[in-house]
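Participant: Required output: the full structure, derived from the provided sequences and hints.
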Amino acid sequence: MSITEMGLQAVRRRIALAAEGAGRRPDSVELVAVTKTFPATVVVEAYGLGQVAFGESYAQEAVEKIAAVRALLERASSSGAYPVNSAVNASAAPAGPPRWHFIGPVQSNKTRLLAEHVDWVHSIDRLKIAQRLSDQRPAQLPELQVCIQVNVSAEGSKGGVQPDGARSLAEAIVALPHLRLRGLMAIPEPTPDGERQRSQFAHLRKLLTQLNSQGMRLDTLSMGMSDDLEAAIAEGATIVRVGRAIFGERV
Numbered sequence: 022m023s024i025t026e027m028g029l030q031a032v033r034r035r036i037a038l039a040a041e042g043a044g045r046r047p048d049s050v051e052l053v054a055v056t057k058t059f060p061a062t063v064v065v066e067a068y069g070l071g072q073v074a075f076g077e078s079y080a081q082e083a084v085e086k087i088a089a090v091r092a093l094l095e096r097a098s099s100s101g102a103y104p105v106n107s108a109v110n111a112s113a114a115p116a117g118p119p120r121w122h123f124i125g126p127v128q129s130n131k132t133r134l135l136a137e138h139v140d141w142v143h144s145i146d147r148l149k150i151a152q153r154l155s156d157q158r159p160a161q162l163p164e165l166q167v168c169i170q171v172n173v174s175a176e177g178s179k180g181g182v183q184p185d186g187a188r189s190l191a192e193a194i195v196a197l198p199h200l201r202l203r204g205l206m207a208i209p210e211p212t213p214d215g216e217r218q219r220s221q222f223a224h225l226r227k228l229l230t231q232l233n234s235q236g237m238r239l240d241t242l243s244m245g246m247s248d249d250l251e252a253a254i255a256e257g258a259t260i261v262r263v264g265r266a267i268f269g270e271r272v
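According to our numbering, the sequence shown holds residues 22 to 272 in order.
In case anyone wonders, no lab produced these hints; they're calculated from the structure. Owing to the predicted nature of the structure, the values given are computational and were not obtained by experimental measurement. We put the CB at the ideal spot given by N, CA and C, even for glycine. Not one of these hints is a red herring.
Straight-line distance between alpha carbons at most 20 Å, and here's what the computed SDA-like set of lysine to any residue pairs gives:
hint	residue 1	residue 2
1	LYS149	ARG133
2	LYS227	GLY44
3	LYS227	THR259
4	LYS131	ASP156
5	LYS227	ARG238
6	LYS149	GLU192
7	LYS131	LEU148
8	LYS149	HIS199
9	LYS57	TYR79
10	LYS57	SER78
11	LYS57	ASP140
12	LYS179	ASP248
13	LYS149	GLU164
14	LYS131	VAL84
15	LYS57	ALA89
16	LYS179	SER129
17	LYS227	LEU239
18	LYS57	GLU26
19	LYS149	VAL182
20	LYS57	LEU94
21	LYS57	ILE24
22	LYS179	GLN128
23	LYS131	GLU85
24	LYS131	LEU162
Derived DEER-like restraints, expressed as beta-carbon distance ranges:
hint	residue 1	residue 2	range
25	SER129	ALA223	30 to 36 Å
26	PRO211	PRO115	27 to 33 Å
27	ASP248	GLN30	14 to 20 Å
28	SER49	ASN130	34 to 40 Å
29	GLY180	THR212	17 to 23 Å
Facilitator: Listed below in structure tokens is the structure:
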């Protein structure tokens with residue numbers, strides 16, 4: 022069994038146990054496997070094991086990897102087996118293509134790359150970025166699914182809109198064509214304190230509830246990573262973003 026297979030099994034088990042502990046269905050939480058710095062072959066292996074959603078943090082790397090994964094999957098489809106693992110074959114793969122989530126800081130000069138190639142952007146924290154993504158999203162593609170990143174821990178070094186600015190940004194994004202605002206994302210301050218973890222995630226959950234009470238129709242809480250996914254799920258996460266616990270330490 023490969024590192025990827027063992028990691029996926031372990032993380033899926035953690036998600037299921039956390040969801041059941043919170044009185045939720047395990048399938049109410051989507052796993053985004055964060056593959057930044059890992060090669061396209063690792064993505065293809067994970068896809069062959071049933072993983073559909075993948076996360077990237079660097080625009081140029083994401084676009085290059087999307088193309089490489091597409092080429093590998095096309096080759097695998099024509100040959101009937103994946104080139105990275107003889108135990109993984111086309112019949113084991115999901116019916117649909119991989120879905121790509123961008124989870125890193127968005128630079129203005131990289132918005133076109135993202136608008137043209139990814140399915141989700143989780144990290145919008147200013148209107149300028151949202152406007153550029155909207156303007157540059159090709160008309161033939163579905164709406165780009167987006168989240169607003171919120172700085173729930175008030176760290177000056179971390180991206181994200183301040184909580185009291187989320188409503189005005191959300192109202193502006195909802196009015197833009199070619200984007201669909203799905204919810205909120207956060208990268209809280211790392212801490213081993215379980216209560217502190219939950220309080221930061223609870224802050225994001227309460228903010229989503231508040232926005233929905235004011236007329237929004239948001240359904241996504243993107244929060245929780247390798248070290249704190251259980252706390253995030255307990256507070257209502259619908260997407261967790263996990264890399265190291267699946268693929269091991271990055272080089």
